[in-house]
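Peer 1: Chain by chain, the residues run as shown.
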Amino acid sequence: MNERLVTLPRILAAMLLIAAVIGFGFYANNYLLQAGTTLAMSIVLCLAWNIVGGYMGYPSFATAAFFGLGAYIGGIVQNYDLPLALAWIVAAAGGAVFAALLGSILLGLRGHYFAIGTIAVVEVMREVANNWEGLTGGAIGMNLPILVGSPRAVGIFFYLAMWALVLITFVLTAMIVNSKFGFGLRCIRQNESAASMVGIDVFKFKVKAFIISGLIVAAAGAVYASMVAFIEPKDVFNVLMSIEVPVMVMLGAAGTVLGPLVGAVIYVLLKELVWVNFINFHSAILGIIIITVIYAVPKGILREFQSRLRSILTARPLNFRKS
Amino acid sequence: MLAQYIANGLLIGSLYACLAVGFSLIYGVLSIINVMHGTFVVLGAYITIYCSQYLGISPLIAALIGCAIMFVFGYLTQRFLINEVVAAPIFISFTLTFGFDLLLNNAMIHAFTATPRSLLLDYGSITVAGISLSVARLGAMVLALVLTGVLYWLLRHSQMGRAIIAVRMDRHAATLLGIRVPQVYAITFGIGTLMAAAAGGAMALVFPITPLLSGTFLGKSFVICVLGGLGSVPGALVGGFALGLLESFGAVAFGAQWSATVGFALMIVVLVLRPSGLVGRKGFE
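Each protein sequence line maps, in turn, to chains A and C. Counting from 1, position 271 in the first sequence corresponds to residue 271 in the numbering used here; the numbering is continuous, with no gaps. Counting from 1, position 106 in the second sequence corresponds to residue 106 in the numbering used here; the numbering is continuous, with no gaps.
What the hints contain is simulated information worked out from the structure, not anything from laboratory work. Since the structure is predicted, the reported quantities are computational estimates derived from the model, not experimental observations. Note that the Cβ used here is the ideal one computed from N, Cα and C, for glycine as well. Any given hint could turn out to be false.
[Unchecked claim] Restraint-style ranges between C-beta atoms, simulated for each label pair:
(1) A/L86 <-> C/M1: 48 to 54 Å
(2) C/H172 <-> A/F181: 34 to 40 Å
(3) C/A173 <-> A/F230: 54 to 60 Å
(4) C/V128 <-> A/W275: 54 to 60 Å
(5) A/F203 <-> C/T127: 55 to 61 Å
(6) C/F254 <-> A/V6: 52 to 58 Å
(7) C/M1 <-> A/I140: 30 to 36 Å
(8) A/F181 <-> C/M1: 31 to 37 Å
Let's have the full structure, built from the sequences with the hints guiding it.
Peer 2: The structure is reproduced here in structure tokens:
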């Protein structure tokens, strides 16, 4: 906490990284562009989950609920012939409002009950989207206007939009972590009653974190919806997404700034490499990844790597202390 | 007409109670949300269907064979795979069982295909006081209720049952009293799996079964347990009947496509207003 957040090497590294990402977008072929956009979306969702699930320690499975909500709000607004940017902003605002409502109901629950409640929300939202045909088009799905321009230019546009969202979310996370608010969230994770006793307005903090997370996920959902130009309830309200995202974060390291990034990159790479060869065993492979992560790297690759590095650097013969 | 809806609701409700009681037991004793539960139900149903179709034995005996096989399966699963994460935070055990469920379900779809299979029983139906009841449904109801009752009795009166309840109340004190907690965990998980298989066997008497139903079964177990109160046999019974009646009447009031949503929505309401469930209190009895 005492180190300065913004240092020259960090600025240089960030600028290099941004330049590399933009450059990749213009030179990559269509497949890589698509994969790069998926990766960016995964990173955004992971960073957003990390605020509630990682720092605050509330195991939320509501990711798909906000994602689907954002996708549908964005879709509905766009279908009124309103501009793209407005659709995304409305979707983000909708996500925030929904998060405020849902958060003030569900965040009173702890542990199992919170987890069950968030999953139930995804189920309810999917069924509502399935059955409210007048608004959502029902199970048939909803078409969105396709952007004018060559497919390649449109692809690059969404690639950059998704990565811009990554940048915003990443900076936001870094700011939260180094603020009083972030400190409060970590206190809540460690001991909620104690946090309340030292004067943290626990409920307000929790709802605030939930709103930030929901806003980001809904925005990502809206960008996704405009990109694929067709959404259906079982695609955007997919419980699998609610599970995949925390697994990615865990793979990296929950409750760190870089963990979600590392986890998402490794996970998406694994998926892209393995998926294409075993298309029929899609969910089995996901299952194997989950099982491996929990048994082999429960604290995340980043922490594993750091502790290895530290033990090499300090050159102790044996490390009996468990971190 | 009203009586018919109530009768249908109670018939399906008893199946639901049986469906949820194993899930509830595992939750209560191990503090684990077992995502594999729905898949266990489907496996139990398939064993029943295959045994009775290819070996030509009565579906009732086939269901009991399914229970026995699944007990062993559940015992070994807990002993060698789940026991590692019993003490871990809820998020870890939930995600791990989810991973196993994806694996199992994918394997099942490959082995059995997604085509619905059913027993094709035609025992006819009987009419009591203007209410028509299919015999197969009645049989399923009896099977489900008897097994749930046996479980309740065993928990109260057998030595293993008392040990299970002791572990549920306080695992550290139970260890001090000489109860082998890992053994109790494994047996509890086995019993939970057995009850899932029993529910599957009973379901197979009534509905066509496909591996794709496992998510539905899991969702219903969630709703039932929260409605009645997580972790108790009477809770599962109350929740099961409540959901059965709710779906029966909800289908009339809102249309059949909303019945699952009504269940989940009610669950969120109960979760917020009365987290311990309609009849919930602490302790597994």
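Peer 1: Determine for every hint whether it applies to the structure shown.
Peer 2: Hint by hint, here is what the structure shows:
For the hinted restraint 48 to 54 Å between A/L86 and C/M1, the CB-CB distance of approximately 52 Å keeps it satisfied. Here the CB-CB span from C/H172 to A/F181 is close to 37 Å, well matched to the stated 34 to 40 Å. For the pair C/A173 and A/F230, the beta carbons lie near 58 Å from each other, so the given range of 54 to 60 Å is met. Between C/V128 and A/W275 the Cβ separation comes to about 56 Å, which falls inside the hinted range of 54 to 60 Å.
Under the hint 55 to 61 Å, the C-beta atoms of A/F203 and C/T127, about 57 Å apart, fit the expected range. As the Cβ distance of C/F254 to A/V6 is approximately 56 Å, the hint placing it in 52 to 58 Å holds. In this structure, C/M1 and A/I140 meet the distance hint of 30 to 36 Å, their C-beta atoms being roughly 34 Å apart. Take A/F181 and C/M1: their Cβ atoms lie about 58 Å apart, and the range 31 to 37 Å is violated.
Taken one by one, the earlier hints fail for this structure only at number 8.
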